[in-house]
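**Q** Here is what each chain is made of, one letter per residue.
2 protein chains.
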Amino acid sequence: MAIRVLHVGLGPIGVGVVRQCASRKGFKIVGAVDLDADKIGKDLGEVAGLGRTLDVKVESKLAAAIKAGRPDVVVLCTSSSLSKVADQVADVLKHKLPIVSTTEELAYPWFSNKRLAKKIDVLARKAKVAVLGTGVNPGFTMDALPITLTGVCERVDSIRVERIQDASIRRLPFQQKIGAGLTPEEFAEKVQGGAVRHVGLTESVAMIADAMGWKLESITDVIGPRIAAQATKSEFLAVQKGQVAGITQTGTGYDKNGQALITLHMEAYLGAPESYDAVIVKGLPDLHMKIAGGVHGDIATASITVNSIPKVLTAPAGLQTMRSMVIPSWFGGKTR
Amino acid sequence: MAIRVLHVGLGPIGVGVVRQCASRKGFKIVGAVDLDADKIGKDLGEVAGLGRTLDVKVESKLAAAIKAGRPDVVVLCTSSSLSKVADQVADVLKHKLPIVSTTEELAYPWFSNKRLAKKIDVLARKAKVAVLGTGVNPGFTMDALPITLTGVCERVDSIRVERIQDASIRRLPFQQKIGAGLTPEEFAEKVQGGAVRHVGLTESVAMIADAMGWKLESITDVIGPRIAAQATKSEFLAVQKGQVAGITQTGTGYDKNGQALITLHMEAYLGAPESYDAVIVKGLPDLHMKIAGGVHGDIATASITVNSIPKVLTAPAGLQTMRSMVIPSWFGGKTR
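From first to last, the protein sequence lines are chains A and B. Each residue of the first sequence is one higher than the one before, counting from 1 in UniProt numbering. Each residue of the second sequence is one higher than the one before, counting from 1 in UniProt numbering.
The following block holds chain A by itself, in its conformation from the complex (with noise of 0.2 Å):
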């Protein structure tokens, strides 16, 4: 019995996950929802450029769609932020069905939004079903797999978390994010008003510190711009010399003795020279893990996401995340 499924939000994260769905084994796609006036009303197919239809039509209300879909379970890529969400998130949860989100900042919210993560376990162990945020970073290169990798660990004095990225290869929405082509100049302000930004360091570090058992001091997320060396472009931008290439960006934890247990440092920029995600775990024994070009973020988000849906439909009760779930696995449309 393939798995019914609706989504809910359909801007490039949310595509990406209808596309899967679509065409992975074990899905139905049973309705989708967005507010945007130019997709609602066409069909879900056009919508997420499949080149054929899915006999699916986007609609503009939830309860709408879910009557008409009678889904198992619903995947949320509507924002980043949690406060944006967290109505959209009860609102499913009146239905009781379980949901899968991208929202980053859901992927672990007991440090930055405590008092919203109690909430929506609250509301989700009412309704008898999980909710989890997940994706690849957060949800998986800089915290999930760290984790992971401690358990073979009799001692564990630090962690860091390496993601270095050629974002050449990556979408222009993208390569616009992480600020390339901007001057130095334009890149603080728009660091300044949050449009450049990476979300979801701040919530990787809490998640290991509290896997860990750590007590931090504080936790920091500095953002810096990659400024290019030389000229260099991609299929979409130019870059001059002098200009930013892209973003580093640096989420930390300290303990008391201002001490950095957690070091999470991300680089996406035009001509990285190597893509790679890596994590150095400090203890014993010392782990040296490395992923040679990266975890590629588009496809991986999406693909998590997706994978995700059987294990959240099997998942206790409540707010969920990639630390409190049975281990991530390829689902290729049969469990066995």
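A few of these clues could be false.
Using 25 Å as the maximum straight-line C-alpha spacing, the simulated SDA-like pairs for lysine to any residue come out as follows [unchecked claim]:
hint : chain 1 : residue 1 : chain 2 : residue 2
1    : A       : Lys290    : B       : Gly271
2    : A       : Lys114    : A       : Thr263
3    : B       : Lys282    : A       : His296
To be clear, the hints were calculated from the coordinates, so they are not data collected in a lab.
Following the hints, complete the assembly by docking chain B onto the known chain A.
**A** Leaving out everything else, chain B in the frame of chain A:
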């Protein structure tokens, strides 16, 4: 409140677990059982080579040790063979105690030992506790870790894992177990007799296959000698050119077309130029992960066993595997 642990089986792996439980926060050792007359009646600290007493006398009888120690959990490190430990597992379950075991064949018994797996599952559910087989391999590097990595994949076509170890830094029993110093003829004889082999490749292949939802036609487990191209030695052994420096062993899972979907390749020999663990996932996207230096087998097996103790206390009742458990993590003595 410290977790009260009873240790059953005090061989090299068992005492490795004892040493960690004795020195790490969050545990209180309340008993130890072994059949070896040389150990019975002695203080566990002495038997484990701790250089201090633990005020725990090694017992010969499980029931008496449970009655005296009132453990929360039993750690079982008596044998690689499930048929040899099945009665011990059943005995512990009579006392309604959860079990973490390093028995390799218990890591994923649903292929080779289905009848015993079913029996243990039923007994554990009846006792309302969880039973888990774990270790570095099987249990982590060649199954749980590659499965975890596929969580970010849209499609998985095949999985290859390599575990290459320079055995010269390992303990003498390990070097003997891999046949170092034997002639090729002696090696072949020992393989024939079952004395030289790594136990667990079939279990890891089966765990991965079930996680991927793949139906395998067959699983093979092939052992060969690694012949020394030049003289080499360890602290304990000298190997002449032409003698056996160690073992190569490959577990392979084939589909009905004879295609190798899962390949788990191990080499452990004196003088390996580089130790590492690698996972290569072919699919969308491809993933190339490498742990430089590898995961040290002795420390890691004891560590993941100890780290699994708090998790098994809250796991659902029944026979669990690393595939059905919450993601692994280091346990620092308290849960947050």
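**Q** Can you list which hints this structure breaks, lowest number first?
**A** none
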